[in-house]
Amino acid sequence: MTSPSTGSRAGFLRMHPDGTASYGSRVLGSVLLVAIALFLLVALVTSPPDTSEADAMGDLVRIMYVHVPVAIACYTAFLVTALASAMYLWKRTEGWDALAAASAEVGVVFTALTLATGSIWGHTTWGTWWEWDPRLTSTALMFVMYLGYLALRRAVIDPVSRAKQSAILGLVAFVNVPIVHFSVDWWRSLHQKATISRFDPAIEGQKLFALMFGMVLALLAYAWLMLHRFRLQWAEAQVEAKGLDVALAERRAEARADSDPIPEGVNS
Amino acid sequence: MLRDARLVVGKDLRLEWRSRVTISQLLPFALLVLVLFAFALDPDREILAEATPGLFWLAVLFSTLLAIQRAFAVETVDGIVDALRLSGLDPAGIFLGKAAGIALHLLVVEVALGVGVTVMYGTSPSGPLLLVCTALAATAGLAAAGSLYGVLAAGLRVRDTLLPILWLPVVAPVLLAATEAFAAAYDQASGAGWRWCGLLAAFALLYSLIGIFAFEPLLEES
Amino acid sequence: MIVAAASPWSYVGAAYAITFVSLIVYAAFVIVRGRRVGKHLPPQERRWSQ
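As they're listed, the protein sequences go chains A, B and C.
Under the numbering used here, the first residue of the first sequence is numbered 26, with each subsequent residue one higher.
Under the numbering used here, the first residue of the second sequence is numbered 20, with each subsequent residue one higher.
Under the numbering used here, the first residue of the third sequence is numbered 39, with each subsequent residue one higher.
It should be emphasised that the hints constitute simulated quantities derived from the structure, not laboratory data.
Please note that a few of the clues may not be correct.
Computed Cβ-Cβ distance ranges for the label pairs, DEER-style [unchecked claim]:
no.: 1; chain 1: A; residue 1: Glu275; chain 2: C; residue 2: Ser60; range: 40 to 46 Å
no.: 2; chain 1: A; residue 1: Thr153; chain 2: B; residue 2: Leu51; range: 39 to 45 Å
no.: 3; chain 1: A; residue 1: Val59; chain 2: C; residue 2: Ser45; range: 25 to 31 Å
no.: 4; chain 1: B; residue 1: Ala57; chain 2: C; residue 2: Ser45; range: 56 to 62 Å
For clarity, every value in this text was computed on a predicted model and none was experimentally measured.
For each residue, glycine too, the CB sits at the ideal point set by N, CA and C.
With the rest of the complex left out, here is chain A (with noise of 0.2 Å):
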């Protein structure tokens, strides 16, 4: 269903003949810009400031629609990892590993904009932008401990080596996860001011509907992103995989023309 189109001076938003998408991910980003102007409309127009308590937070609820949500895509992003890196484990095909790596960058993006978002959110509270608040204290770990997932991948060079090597750190970060929460937040709960209490406002009726379809949302855009960073890695192991293929190819040429007829895995 591609539709072909003038090599590389194909423009950004026609379906580029060497790119990843597909009529598939065509769909679905369509249906995801529509979701997104919807969500907009609903988030900061429609749906009512928050007004439910004498210190209510009014229209500053609505940062929750875009904070929650990218919480819920970043900890489901990791999970994926998590369980993408068992499934290589046990079947050991290189699309499992290409789902868990394209997974664990996608979730540090997510991780990231948590990060920015509760910050916003916790400075509307606080008067500062960081106060040590337990889950954005585990969330900034967590986004640590991945960054670490992506610089040991970027170090091994091997790929069967990463895909075991990251497979095994995917499941224990991944572990590592609830420990962190669970101690920050054992951590906090006997240091915490009271001020820290007012962090989550009521949410119900048309506000809810809000919060809803931001997490539906976020996991449509995560889906989206899915779809082109996974062809992407897995364009980019063939890729490597031809190249080394090439590279070897091109060794036992050289070894066959400067001597004589060499026997054959005498090479290295």
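For this one, chain A is given, so just place chains B and C on it according to the hints.
Relative to the frame of chain A, chains B and C by itself:
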């Protein structure tokens, strides 16, 4: 598995005894960190005494990084990690042996730091049972996680920069829990302290189990 | 932009802007990389465009 663990610890300890590299560098480093903390904070106010539990465990954490690097560096020089892999030793045993080696080094460092902190920061230790149990549980957790992440990073050229960012977030809860337990011991509010000690024990157990299962595939790839 | 703001809408605006702009920039980054890598891949190996 345990027999192989004992073999590995024995080998590493004998190596250490002959060269005394780790202790002649780890101990001074740990004490140096204590001095640097005093430079960074104001030694005349109460802050050093108040922050003693946290500073103690931070110094332990940084020393552990060195200990982990060392534990696996002795294997990777001249490609000896291949010998370890091919030696026929049970990988789980190698994991436990390496972890035990790291733990023993840490315990020596902790005793030195304990003396250092009492002398230099002026805090007088109390609640010795809680302190000892916390130290044992925390050390076990640090060493188990360290052995696991150490082998992961061991074969890589970037291991010196990669190990800290992989391992430190993982043991951040250990820092938290050990600091709280020590603080409880010092303040004699030991009830809360024992719960943190329990968390440390659970962490140590969890990472020992993870290490026993995950060490073999990681060793193959290092 | 945010520092002197008393209005809640500047916070809301900042949060939404950061979120959507970052995601769009990241999406563009992924798509552009995808095209660059795809150039080296023969069409038969690109299973999603069949």
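These are the hints, each one checked on the structure:
1. At roughly 42 Å, the beta-carbon separation of A:Glu275 and C:Ser60 lies within the given 40 to 46 Å, and the hint holds.
2. Here the CB-CB span from A:Thr153 to B:Leu51 is close to 34 Å, at odds with the stated 39 to 45 Å.
3. Checked against the given bound of 25 to 31 Å, the beta carbons of A:Val59 and C:Ser45, roughly 30 Å apart, stay inside it.
4. In this structure the supplied range 56 to 62 Å is violated for B:Ala57 paired with C:Ser45, their Cβ-Cβ distance being about 46 Å.
Checked against the numbered hints above, the structure breaks hints 2, 4 and satisfies the rest.
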